[in-house]
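Given two chains presented individually in distinct reference frames, assemble the corresponding complex, making use of the accompanying hints.
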Amino acid sequence: MANKVITLNTKNRRLMIHETVTSYLFLAPFLLFFVMFVLYPMFMCVYTSFFDATMGREDVFIGFANYKTLFNDPVFWTALKNTMVIVIVSVPITCIFSLWVATVISKMPVVATSAFRCIFYLPVVTGSVAVTVVWKWMFNNYYGIFNYLGQNMGLIDKNINWLGDEKYALGCIILILLTTSVGQPIVLYVSALDNVDKSLVEAAEVDGATEMQAFWKIKWPQMMPTTLYILVITTINSFQCFALIQLLTSGGPNNSTMTIMYYIYYNAFKLYKYGYGNAMGVILAIIIAILSAVQFKAGQEK
Amino acid sequence: MTNNRLDQIQIRDRIYRYASAVLVVLVAIAFAFPLYWIITGSFKTGADINAAAPVWFPSEFTQINYEKLLSRRSAPLFDFTIPALKITAFGYTVKLGTVLKITGPTVPGAIRWLVNTVFMSVASMLITCITAAMAGYVLAKKRFWGRTVLFSLIVCAMALPKQVILIPLLREMNSLHLYDTIWAVIFPIVGWPFGVFLLKQFSEGIPTEMVEACRIDGASEWRTFTDVMFPMIKPGVGALAIFTFINSWNDYFMQLIMLTSNKNLTISLGIATMQGESSTDYGLLMAGAALASIPIIIVFLIFQKYFTKGITMGAVKG
Chain A
5 MANKVITLNT KNRRLMIHET VTSYLFLAPF LLFFVMFVLY PMFMCVYTSF FDATMGREDV
65 FIGFANYKTL FNDPVFWTAL KNTMVIVIVS VPITCIFSLW VATVISKMPV VATSAFRCIF
125 YLPVVTGSVA VTVVWKWMFN NYYGIFNYLG QNMGLIDKNI NWLGDEKYAL GCIILILLTT
185 SVGQPIVLYV SALDNVDKSL VEAAEVDGAT EMQAFWKIKW PQMMPTTLYI LVITTINSFQ
245 CFALIQLLTS GGPNNSTMTI MYYIYYNAFK LYKYGYGNAM GVILAIIIAI LSAVQFKAGQ
305 EK
Chain B
1270 MTNNRLDQIQ IRDRIYRYAS AVLVVLVAIA FAFPLYWIIT GSFKTGADIN AAAPVWFPSE
1330 FTQINYEKLL SRRSAPLFDF TIPALKITAF GYTVKLGTVL KITGPTVPGA IRWLVNTVFM
1390 SVASMLITCI TAAMAGYVLA KKRFWGRTVL FSLIVCAMAL PKQVILIPLL REMNSLHLYD
1450 TIWAVIFPIV GWPFGVFLLK QFSEGIPTEM VEACRIDGAS EWRTFTDVMF PMIKPGVGAL
1510 AIFTFINSWN DYFMQLIMLT SNKNLTISLG IATMQGESST DYGLLMAGAA LASIPIIIVF
1570 LIFQKYFTKG ITMGAVKG
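Taken in sequence, the protein lines are chains A and B. Take the first sequence: its position 158, counting from 1, is numbered 162 in my numbering, and each next residue is one higher. Take the second sequence: its position 163, counting from 1, is numbered 1432 in my numbering, and each next residue is one higher.
These are computed hints drawn from the structure, not numbers from a lab. You may find that some hints are simply not true.
Said to hold, decoys possible - These stretches of chain B come out as covered by chain A in the derived footprint (C-beta under 8 Å, 3 or more residues):
id: 1; region: 1503-1514
id: 2; region: 1522-1536
id: 3; region: 1566-1579
To be verified - Result set (EDC-like, lysine to aspartate or glutamate): computed pairs, CA atoms no more than 16 Å apart in a straight line:
id: 4; chain 1: B; residue 1: Lys1410; chain 2: A; residue 2: Glu23
id: 5; chain 1: B; residue 1: Lys1503; chain 2: B; residue 2: Glu1473
id: 6; chain 1: B; residue 1: Lys1411; chain 2: B; residue 2: Glu1478
id: 7; chain 1: A; residue 1: Lys111; chain 2: B; residue 2: Asp1282
id: 8; chain 1: B; residue 1: Lys1411; chain 2: B; residue 2: Glu1481
id: 9; chain 1: B; residue 1: Lys1411; chain 2: A; residue 2: Glu23
id: 10; chain 1: B; residue 1: Lys1410; chain 2: B; residue 2: Glu1478
Glycine is no exception: its CB is placed at the ideal position from the N, C-alpha and C atoms.
If we strip away everything but chain B, and leave its shape as in the complex, we get (with noise of 0.2 Å):
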């Protein structure tokens, strides 16, 4: 009696096992779909795009779309200028070096775009990760004055939404003469504090007679960081790396605010800017999103195992 009991609650759970499976199966094909349009849809002609009933696979395979996409809004490759640098004092003005400026050659608007995007996303991570594997580790390993407050600080920080500081830092990039700039978006996501939080939990797990040795044979307070601490949280700081690369090359609001000239555009912004432009030329909107998001989908399905740390990392409250 009693077995028959349990042996039907077992049949029951495998019944939920396998149902419940089909399910996520057929959610996770609908989460797939949009990226599956995206880049079917930048393929597809004019008529596939606008037929009434959805063209399920290209009838043809056109480069249409990328052509159009390409032969948009041209812009140099890269520009770079070094400012004269001139400085006034007590009336005297002293005027070092002269204005250096390369211009590359003349490329398709999204080519440009993507140099941006990646300088952005690359920049924002080196120095991000330079920046907070140093905080962290002094946040973890030392005890100085303004510790807890400055920790309290990174805290509050970063639970306060993002977004809200915009107008401030708006008005400061401005008096600062970097806005319209890449740099205008790259530091704030540097100024961010979860990249601190992240490392200072991860170079706690690491043992403090490693750090403790290294001090009492003399090695100086750098040399502790760059030959014995760095090495150690060098998986954490692969997580933060690319997760930061990957928050930063999606993160759209700042980016919205901060550029607005057309050499300075990212990828994300450009091809909002085309849809507003074209919005209903979907072709030429999908060949964009693609170029969007292909690079980025590439770097997350190689780091995936780092990314998904650094997820689970941040999420263990100190």
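Excised from the complex, chain A in its bound form (with noise of 0.2 Å):
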């Protein structure tokens, strides 16, 4: 009897070990890219953060001097502020925003519906280049469509300077920003507003709920999950924005559009201060990491 278990308990485990050598076979070559340029460069920059590193000599290890300066550096500080005025203003407006478009174009034709779809999924799709190069030639102090739209509506009694005045032109990022970020929520959306038990909404309706109440009593919690997981990624995508910045206003006028993401930049890739950029991205990291984790846990609880 006890002779029968062990043979079966290493039958087992060399079957695991079986097991285990093919799984890993079949996963080395994903292994190999992921750990080489995504894991070891995650380690580095935390590691490297802790030195004093540039382009031609040897790192110096610095301790915690990179983190001191960063928390003593005003340009930092602005930094952090506009990327959570970007992150505040644009992650609400998305989430609302494709919601509803979602709604109106979901219970449209099922071309309707696709060709919606599509139209918002656009900008995404054009690339972040061309898009901002056909808005800075919309914003343009002389021959932009804004300013002359603008007048012509008696909005504004002369040409701005949208993307050169500190009063705007983070606000005209945001704008682009917004424009590029609901494609996904919206297709996200329409696939779960279809997913949704529809013997439910239709007892609800013979029980005579207006189709607002059927929305937000019924739909809405089952549309919980989607609504959180496009909480998190709008987040991300928001801390990431960079090539508008880079290309339209290179974080000024005055750093009035300088984000994390463009300072960490300029610092590694004009200044050559990689210890430095990558304290800030630690920093970035650990930022979003705690911001995501708050969203999970506050959509859990509901």
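Printed below as a string of structure tokens:
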């Protein structure tokens, strides 16, 4: 009896070893890239943040000095503030807007739904550079369409240098960011609305619930996981807003559009302060991790 | 009385529905407008472009912007180098092969950038799909040591901002002598674990009995994967393929950091560089933007169905 158990165990063990070996053979190609070009750089990001690292010489260990400089750097705080403004403004607007569009277009015939879904996704597919270049033209001081429309409708009385004015630059960036970030949430919401339990909705309608009531009482709770996912990805996307700033304002005027992402780029690839840039990257990652965790927690409690 | 009230509510619902439909149409027009502006702008004459009042439709179509775009920064159509293999060990030096260098005919820079971009997107797509399909299959269907740890690593890596790793990545590519080559952009895309996550989710939907039956019939692990598993996860692979293709085409930040010399630029990066040089020639820039975006938009429209599937599949959290 005891003998049998042992043989079974060794058999199990050998099976497990066999499975493990084959599994890792299958995983090997992916792991090679994953470890070399994702995990290792992530580790190095944290590691190098404790060094004074630049081009062409050995890194010098300096402990927490990068972090100390960082917390005393006024530009960093401006960048953090601007990043937070972008996130706080764009995330709720993106979510509400895409939910609204999704509810409206999901009631349309299938062809119309997919056509609208396509149109709202277009700015994402067009690519950040093409989008940025055309918006730059539309915002132009002299022959931009916004100044023309604004003056014709009597909203502004003289041409505004939208991207060159501290008061408007960040707002313009957020506007463009919004057009490029609602595509994915709309796709997700449309498919979530499709997957809502229809019998419940019909039952509610038979009982005389209005469309609004049916939506908030039945569909909305069922779409909670989707909303949560959208919140998380939109937050991450807003934090990473980079191409717009690099191509339109380079963080200016007077740092009014400086974000953490752009400041990292500026430090690392213009000033070659690798260690400093990495320290900022670590802080950014921590902020995003905390925010995602909070959002998940809040979502799960509901 | 109650009937009357019900009617009122129904009428209100209907008005709301029509009003919001009209509003969505208006917003959709605004969303499509930049693309319209790119395309028409690329055919406008200088006078139309710099007019104080916007010219809504080109007064005459001109090719001058495209001619200007193609007259700039020429580069070879392709170039291809096989380095001589040199091994030095124990004081001996073995030299294998000779340097092979093929350089294509000289073409406008923009054409070369397109070639680079297509190559980069196709290579990223193919390698990602193969590696992710294999990894996704074992993560979904096999129990092995380290599986949980590996999967949590994958999920954690996905939640972190990709751009944070760019500085270490740049230095790593430098020491691997991959800096300023297209591979420096491709490899990190392949390593990004989203595809594995996606195909793991997809593979879990395939009944395990199918795989087991195949094993009992004596097929090897590899045959089980290629003949049974792969055909069944094909829709998922298709979604991932189109998703990777479009995302790598537009992954501007990575390209910006890794590529510098004119012949290695991608189309987005090339347009961005041109924007830095002649920032007010909007006709030229629109021609560039059209060249960068129209091909990918066509690809998107053709494979739209798979693409939306890829997005929604990735959202079903495991």
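Verification of the supplied hints:
1. 1503-1514: violated (count 0)
2. 1522-1536: holds (count 3)
3. 1566-1579: Contact hint for the region 1566-1579 of chain B vs chain A: holds, 5 residues under 8 Å.
4. B:Lys1410 to A:Glu23: Given that 16 Å is the threshold and the Cα spacing comes to 11 Å, the pair holds.
5. B:Lys1503 to B:Glu1473: 13 Å, holds
6. B:Lys1411 to B:Glu1478: 13 Å, holds
7. A:Lys111 to B:Asp1282: 13 Å, holds
8. B:Lys1411 to B:Glu1481: 11 Å, holds
9. B:Lys1411 to A:Glu23: With Cα atoms ~7 Å apart, B:Lys1411 and A:Glu23 stay inside 16 Å; holds.
10. B:Lys1410 to B:Glu1478: Distance of about 10 Å is within 16 Å: holds.
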